[in-house]
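K.L.:
So you can see what is in the structure, the chains are spelled out below.
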Amino acid sequence: MIDFSDLTQREWQHLYHRFEDILEHPGDYRDALRGQTLASLFYEPSTRTRLSFEAAMQRLGGGVFGFSDPMASSVAKGETLKDTVIMVTGYSDAMVMRHPCEGAALAASLFSARPVINAGDGCHCHPTQTLTDLAAITRLFGGVDGLRIGLCGDLKYGRTIHSLLTALCRFGGVKVTLVSVPELALPAYAKRACDAAGIQVAEEPDLRSAIGDLDILYMTRVQRERFADPAEYERLKDRVILTPDILSGARKDMRIMHPLPRAGEIDMEVDRDPRAVYFEQARLGMVIRMALLLEMCRLPSFTPAYIRDDTESGRHTNSGRTPSQAVLRCPNLSCITHKEPYLPLPAGDGVCRYCDSSLT
Amino acid sequence: MIDFSDLTQREWQHLYHRFEDILEHPGDYRDALRGQTLASLFYEPSTRTRLSFEAAMQRLGGGVFGFSDPMASSVAKGETLKDTVIMVTGYSDAMVMRHPCEGAALAASLFSARPVINAGDGCHCHPTQTLTDLAAITRLFGGVDGLRIGLCGDLKYGRTIHSLLTALCRFGGVKVTLVSVPELALPAYAKRACDAAGIQVAEEPDLRSAIGDLDILYMTRVQRERFADPAEYERLKDRVILTPDILSGARKDMRIMHPLPRAGEIDMEVDRDPRAVYFEQARLGMVIRMALLLEMCRLPSFTPAYIRDDTESGRHTNSGRTPSQAVLRCPNLSCITHKEPYLPLPAGDGVCRYCDSSLT
Amino acid sequence: MIDFSDLTQREWQHLYHRFEDILEHPGDYRDALRGQTLASLFYEPSTRTRLSFEAAMQRLGGGVFGFSDPMASSVAKGETLKDTVIMVTGYSDAMVMRHPCEGAALAASLFSARPVINAGDGCHCHPTQTLTDLAAITRLFGGVDGLRIGLCGDLKYGRTIHSLLTALCRFGGVKVTLVSVPELALPAYAKRACDAAGIQVAEEPDLRSAIGDLDILYMTRVQRERFADPAEYERLKDRVILTPDILSGARKDMRIMHPLPRAGEIDMEVDRDPRAVYFEQARLGMVIRMALLLEMCRLPSFTPAYIRDDTESGRHTNSGRTPSQAVLRCPNLSCITHKEPYLPLPAGDGVCRYCDSSLT
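Chains as they are written, first to last, in this note's numbering: chain A, 1 to 360; chain B, 361 to 720; chain C, 721 to 1080.
Since the hints were made in silico from the structure, they are not lab data. Be careful, since some hints might not be right.
To be verified - Heads up, simulated EDC-like pairs for lysine to aspartate or glutamate below, C-alpha to C-alpha not over 20 Å straight-line: (1) B:K442 with A:D267; (2) B:K612 with B:E585; (3) B:K442 with A:D31; (4) A:K82 with C:E989; (5) A:K82 with C:D987; (6) C:K876 with C:D993; (7) A:K82 with C:D993; (8) A:K237 with A:E280; (9) C:K802 with B:E629; (10) A:K82 with C:E954; (11) A:K339 with C:E989; (12) A:K191 with A:E265.
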């Protein structure tokens, strides 16, 4: 589970039905993974994601081991990702990994005999957040088709927004309203992808004007550091902050979502409004992770790619060459291939198979 | 469970009976909380308290997740206590919290749909230590009524001593002997509270003179830093240190207690004496925490106060005002209201409802 | 379980049979330690060992609590090892400890009413690594007797090598080939011990010449810092690095072992070779730890030595004396007796009973 696109629509539906069944019959699952273990490898801190996976595994009766800060572990002493992953794969039934480098989870999956769940690889993917969003939308609205969804905040850099948009492209007749300041507008390529998938896209710079039509308002964090000029930030930020006053223009059955943690973009007074479902969304995120762990831990073991694909991961590697001899390198310096040089080459159809950066 | 006073005497007795039953039939409880989870939020380190809660939950078959040092977690990135608590409440059946600010556990309880157990909020309360003390005394003596208890060490600043005294006021005919150097004597208000509750209080500056009459000698840590003059500390400390020599003046059926960790106030030679029960006291502390977790995790969920009490926690908040506009502030700068300014006002009957500081 | 020598050959065989049974019937063990707890006290970081114990306990249905970095815990505030151990012994069914001082695990065992498992005490012992090695050899070859085992790398300082050699002395007709640069040769006393036990020892400076005869090649890490002259390291290191080229001279049924983590002494290209079993060895290490935990957690509680052996641990202690008055001190400054001065004297038959250093 490296990216949401790894799931077919049929697999997603199967997962969602499991999620509903857990919500309705929680008592049936408290022994489901008894005696099984989840390895939790957090190469950078992430309280929310880590705690939701730990709670999910424990609610299924399983155990969790791992590290939440690699500085305290010998991993910091320079062991390769490969060796750590192969060790852990021998101890666990599934592995969840957060890593600062893009492509780290895919790299890990090459060496693992058990499923790897990506809990965030740099700025690249965070598929269980997308699962959370879709599960919450489906649960609250009975489905995704035909909804009008407002996306508000940082649409330029926000990983959550890009993943959600990609996932929404699978569903029919979704209408999207983009609410952002110009500095943080959705990139042109993402807009084209929506067009190609038949998603109607509207743009609206002011949340107050946009809010009246929406079924869902999906808010995201705006980071001050994104602005070259702090004064510009101060001037614009009020257009993308949700207050009780702005909320008064919304429909009674609208729902407010947010991936959390928030900064100041949702006024705390809004929390008591019945339309605020972001805390419930987080709780449902734990439940969809329970469903995912259940499927993952029950898969039979497989031969890892590094043994299976002798040709690909062996002969065509950069390992053993000096950098100048390397036949191909990913231009993204945060790509895991730069930190772990023994990895098989990033070759793909013009994009790095680890981090999806263009290779030309 | 913010303060020991949250328990009625009847609830205490119920809890104690559960504690005895766990001691007598431990095998009956190993599945009691299977599939349930405890969130363990330690905003400052505390090995003993944390480990005793973790062990207690696991011995009931449940799981524990959380953090033991917030620096390694994104909590350090500035998320509010409110948002962290609401997240965690969605993942867990109960929550245990240690925090450096007074009133933090009460503040957390306003946002939680599940029980919050205070594992220490600054210098304010540490109710599970008091539960430990009472459970150990009751177990060892069959009851609390009528015992003569010596309290020795730092009676001025020691949170444990103050909580224990308050709890002892519930029982009949307890006699207390205070053993301390003048610098660390019990505050006058605490003495008056004992008088009002009918507790006989005697004072005795030298442990050697006091020890012969006691049923229980409750020792506490004396911190060198409490003394302005180090020479004064050196001159006085021997009067409050328990050695085998001093112990030879005690009755054979006296028992020595200590909340631990100790500094040097109990000579290690004493540990082998059958009257030393402080290690057994710590073990019983884990068992009373098992009893507490059992009751807490079985409670049904409730609507958190921040949603339920719209008036109180909404309109009367300091949130949205600049500091100069704030209508009321707690004078205690370690009170949680200073760190989390959105909290409902500290108004109460003249004392802060978070940290019990006088508001005038 | 402080040192491998604590096990009789009969106990080892019993443990090995349990290990085989767990491998063959894993489903029978998922509830074996339900409601029991393992205290995991890591006074220095060690990811591999810690994670293998945590996974082992959880796969038996038990829970794990403790700390992985004492800086974050109040242990760092200066509590004695004694007090920490007695506390933890009251909360747990067994205890696993890693400590930077030699003899720490033995010291801990004096105060514990439950079994203490040594997970590494300084440069002294690491018995569960030796258990791992023997279990893996026995599993892969059906027994240890008569095997020709090549030991390669740092034979001078490597704790793993010394422990393994000592353990091999129990078996019949083992033949050992030592492969190392002169700077890292096996100490003379260790060679004499092999001779005394009837182990045939050959020496061979070059791995290429040695490899053809071996049943097992046991590689270990060579640390650059061991060499006074870095140029010397560069000149010699290639003789003890395993590459596919050198491996081509080995028998098809040879097996390559390594305690891990590795530095550069095994080329990653070797990992795909079916003779590479070091990752499988690590996995079997978790399984032998499951067998060990099962035996340990099922033992009845006992009276700790500090209470039982009044004479030994009481009267003859250094405690209460100034250093100049101490009757006997271990000359090894990394011995636990220097950090915890209240410990009973190190007296033994001329060697320190904590760290085995010579006392004269």
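K.L.:
Work down the list of hints and note, for each, if the structure agrees.
P.N.:
Hint-by-hint comparison with the structure:
| no. | hint | in the structure |
| --- | --- | --- |
| 1 | B:K442 with A:D267 | holds (13 Å) |
| 2 | B:K612 with B:E585 | violated (35 Å) |
| 3 | B:K442 with A:D31 | violated (32 Å) |
| 4 | A:K82 with C:E989 | holds (12 Å) |
| 5 | A:K82 with C:D987 | holds (13 Å) |
| 6 | C:K876 with C:D993 | violated (29 Å) |
| 7 | A:K82 with C:D993 | holds (16 Å) |
| 8 | A:K237 with A:E280 | violated (26 Å) |
| 9 | C:K802 with B:E629 | holds (12 Å) |
| 10 | A:K82 with C:E954 | violated (25 Å) |
| 11 | A:K339 with C:E989 | holds (18 Å) |
| 12 | A:K191 with A:E265 | violated (24 Å) |
The structure fails to meet hints 2, 3, 6, 8, 10 and 12 from the earlier list, while all remaining hints are met.
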